[in-house]
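Q: For reference, the chains in residue letters:
There are 2 protein chains.
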Amino acid sequence: MGRILKPETRPPATRYRPQIAPTETGVIPETVPLPDPFPLYRGGWLGAARIAYESWGRLNAARDNAILLFTGLSPSAHAAATAADPTPGWWQPMIGPALAIDTNRYFVVCVNSLGSCFGSTGPASIDPATGERYRLDFPEIAVEDIASAGFEAVRALGIERLAVVMGSSLGGSLAVAFAALHPQGARRLVSISGSAAASPFAIALRSVQREAVMRDPDWQGGHYADDKPPRNGMTVARKLGTITYRSATEWRQRFGRAPLAGLALDSDPFGPRFAVEGYLEAQAERFIRVYDPNCYLYLSRAMDRFDLAEHGGSYQAALAASGRDGGLEQALVLGVESDFLYPIHEQAAIAETLQQVGVRTRFRRLPSIQGHDAFLVDIPRFDAEIRAFLAQP
Amino acid sequence: MGRILKPETRPPATRYRPQIAPTETGVIPETVPLPDPFPLYRGGWLGAARIAYESWGRLNAARDNAILLFTGLSPSAHAAATAADPTPGWWQPMIGPALAIDTNRYFVVCVNSLGSCFGSTGPASIDPATGERYRLDFPEIAVEDIASAGFEAVRALGIERLAVVMGSSLGGSLAVAFAALHPQGARRLVSISGSAAASPFAIALRSVQREAVMRDPDWQGGHYADDKPPRNGMTVARKLGTITYRSATEWRQRFGRAPLAGLALDSDPFGPRFAVEGYLEAQAERFIRVYDPNCYLYLSRAMDRFDLAEHGGSYQAALAASGRDGGLEQALVLGVESDFLYPIHEQAAIAETLQQVGVRTRFRRLPSIQGHDAFLVDIPRFDAEIRAFLAQP
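Which chain is which? The protein sequence lines are Y and G, in order.
For the record, in the first sequence the residue sitting at position 279 is 515 according to the working numbering, with numbers rising by one throughout.
For the record, in the second sequence the residue sitting at position 174 is 410 according to the working numbering, with numbers rising by one throughout.
Hints were generated in silico from the structure; no laboratory data involved.
Owing to the predicted nature of the structure, the values given are computational and were not obtained by experimental measurement.
Treat the hints with care, as some may be off.
Each pair may be met inside one copy or between any two copies, as identical chains are not told apart.
[As the list claims (entries may be wrong)] Calculated cross-link-like contacts (lysine to any residue; reagent style SDA-like; alpha-carbon spacing at most 25 Å): (1) Lys464 with Gly507; (2) Lys464 with Pro453; (3) Lys464 with Asp454; (4) Lys464 with Gly563; (5) Lys464 with Ile264.
Turn these sequences into a full structure, and let the hints steer you where they fit.
A: Right, dumping it as structure tokens:
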């Protein structure tokens with residue numbers, strides 16, 4: 237794998253252990269150190285911060301075959317199975333030998349976002365200065381910081397310039413922020429169901445999710461006990477999130493008005509009655525078992541505040557340097573027609589901007605019915621687009 | 237006003253006093269008794285139940301000029317100003333002399349839904365059997381019951397057959413349920429932004445709202461104190477509701493990414509930051525001050541369970557009797573293209589069914605950007621359609 241740096245001293249498991257588990261599957265991931273101090277976009281800095289990552293394939297001798305993959309809000313770096321963690325990852329069908337993201341050709345690195353809780357430094361990490369979790373003493377994290385932390389993580393792995401920076405959902409915004417902040421950082425960009433600036437509709441939805449968490453008395457102003465997180469608020473927040481990740485059309489076809497199996501109503505007159513409610517419950521349970529509530533608040537706020545136009549006054553100004561001198565050569569921008577959280581005009585705006593600054597850009601409106609999460613579900617459509625783009629010489 | 241029945245004995249203010257206030261404006265409305273016992277669609281019955289109403293215009297001698305107006309989930313019967321309550325009503329620009337709903341011609345009755353808390357009998361009312369609020373001992377209320385309670389309320393006012401049954405949102409569904417249950421009850425129907433059956437998407441959104449209330453420890457299994465209702469849960473629920481009542485397009489134009497005026501962030505790092513969040517807060521505050529949480533749960537569940545096809549196996553079977561023999565002569569069905577809670581194909585299905593059973597039906601897809609709530613906001617468009625329909629001889 238070339239001169240890939242390993243973390244000199246693997247932190248003790250307790251030190252970087254997030255709220256419940258290092259990844260959804262409980263395996264402690266590899267980490268790399270960020271520059272110390274690591275300055276933050278909205279002020280302040282982090283000391284001794286680390287980024288967790290997983291990787292697939294091999295870095296070639298020229299070190300020019302690396303793909304950096306950014307995730308959405310909730311996943312860990314476990315995008316696909318590894319030797320250390322053979323459980324299926326969140327984008328398992330897409331990453332592997334001869335798959336759309338072909339690990340015979342590419343060295344793929346997925347990072348856990350700075351501020352998240354799956355091995356990267358975040359509000360649930362231990363503050364070296366106090367020996368306690370940071371909680372709300374953690375400085376504000378911006379989308380720009382997560383993007384730059386990804387940049388520094390691949391540099392720590394010996395990669396100066398990526399073949400491709402890529403991401404979906406929040407990751408789709410992170411890939412764009414990466415291009416704005418590090419114009420020579422990648423030759424190609426793939427931005428999926430992302431946004432260049434949070435819309436008031438998405439802000440409204442996320443702010444209600446945060447509020448559900450913070451109004452839960454168990455949140456305790458961020459000082460919840462490890463064994464008593466704000467489960468009620470997190471459940472409501474995640475169910476609402478789940479609603480925004482799919483589409484009414486899909487649910488009409490998938491659930492209709494089917495009753496929930498195994499329904500026992502007598503004991504709970506307002507309890508779940510329809511199959512769709514059972515789905516929401518299962519999704520929420522899975523999430524709140526592993527996700528740290530303060531990390532959730534930090535990343536959710538970062539998404540609301542992101543506006544690419546802060547970098548120079550317009551989207552075009554923000555990406556001008558990437559286009560100039562061919563820093564960024566090519567881009568693929570994918571959006572989904574049924575996505576109402578990050579509606580397709582937001583991806584169109586990203587694509588149009590890239591085109592305007594001189595990046596050869598392919599924009600595709602995918603007719604998937606699965607809404608924002610289609611990239612996780614409607615694999616054939618995404619596979620075809622990404623495979624064709626990455627297969628270019 | 238012809239032989240309008242007045243309630244023989246106005247209940248003492250405390251008796252039917254809902255959680256906070258009799259209407260949003262604090263005025264005790266007129267009520268009429270329902271038949272005692274009043275049987276309920278999903279089993280059980282209510283004794284000594286009453287329906288609150290307000291009215292405008294005069295019933296003519298033939299008693300054939302009455303409009304019954306059903307409301308959405310949250311409003312009271314105060315659709316427009318009256319002598320008793322001169323504050324503007326929720327549909328003030330639409331109801332009055334020479335307005336779209338012309339009170340020079342029509343006698344307009346708006347009822348507070350059975351199960352609500354603005355004067356009609358509901359979970360917040362006092363159970364005559366115990367002297368305590370019903371709370372969760374209140375029997376399950378269905379959309380069918382609210383429709384039939386409206387039917388009985390106008391009968392108690394001396395009206396056997398309506399000129400028009402009309403409603404918006406839940407009220408749009410109620411008007412359709414009314415036609416199914418009382419085929420000779422009205423000559424015309426106006427159904428606005430309603431649905432003939434709750435979709436899984438709407439069910440998901442409403443179930444999360446109910447859950448936010450029920451997971452608030454202050455809900456106390458329905459036994460909250462009058463001065464300590466589940467404010468946190470109701471706030472989250474109403475904010476989510478408010479999001480579903482409008483559209484992303486409207487909010488992009490109206491709020492964009494404008495900051496909240498008077499922002500004081502230092503004290504609340506995760507507090508509201510954007511103008512759209514201030515709007516949600518104002519909407520929620522206004523609602524939770526007056527709305528009883530248990531009533532909210534009851535009506536919300538009723539909306540989820542409504543399926544017109546329960547009446548005979550299909551929408552067509554449900555409305556066949558209305559079409560037969562010209563019980564229902566004409567219908568106007570209005571939907572809004574930007575409504576994602578009750579999407580326009582649901583109104584199209586209502587219109588198509590009415591047409592199929594022989595009701596002369598006009599269906600209009602309105603291009604308003606205000607989503608589900610457009611009927612409250614985009615007055616010129618709704619005014620034109622309703623005025624033209626009601627102006628017919």
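Q: If a hint holds in the structure, say so; if it does not, say that too.
A: Right, here's what the structure says about each hint:
no., hint, result
1, Lys464 with Gly507, "both (23 Å within a copy, 23 Å between copies)"
2, Lys464 with Pro453, "both (11 Å within a copy, 15 Å between copies)"
3, Lys464 with Asp454, "both (7 Å within a copy, 18 Å between copies)"
4, Lys464 with Gly563, "neither (48 Å within a copy, 60 Å between copies)"
5, Lys464 with Ile264, "within (23 Å within a copy, 45 Å between copies)"
Hint check: a violation occurs at hint 4 only; the rest are consistent with the structure.
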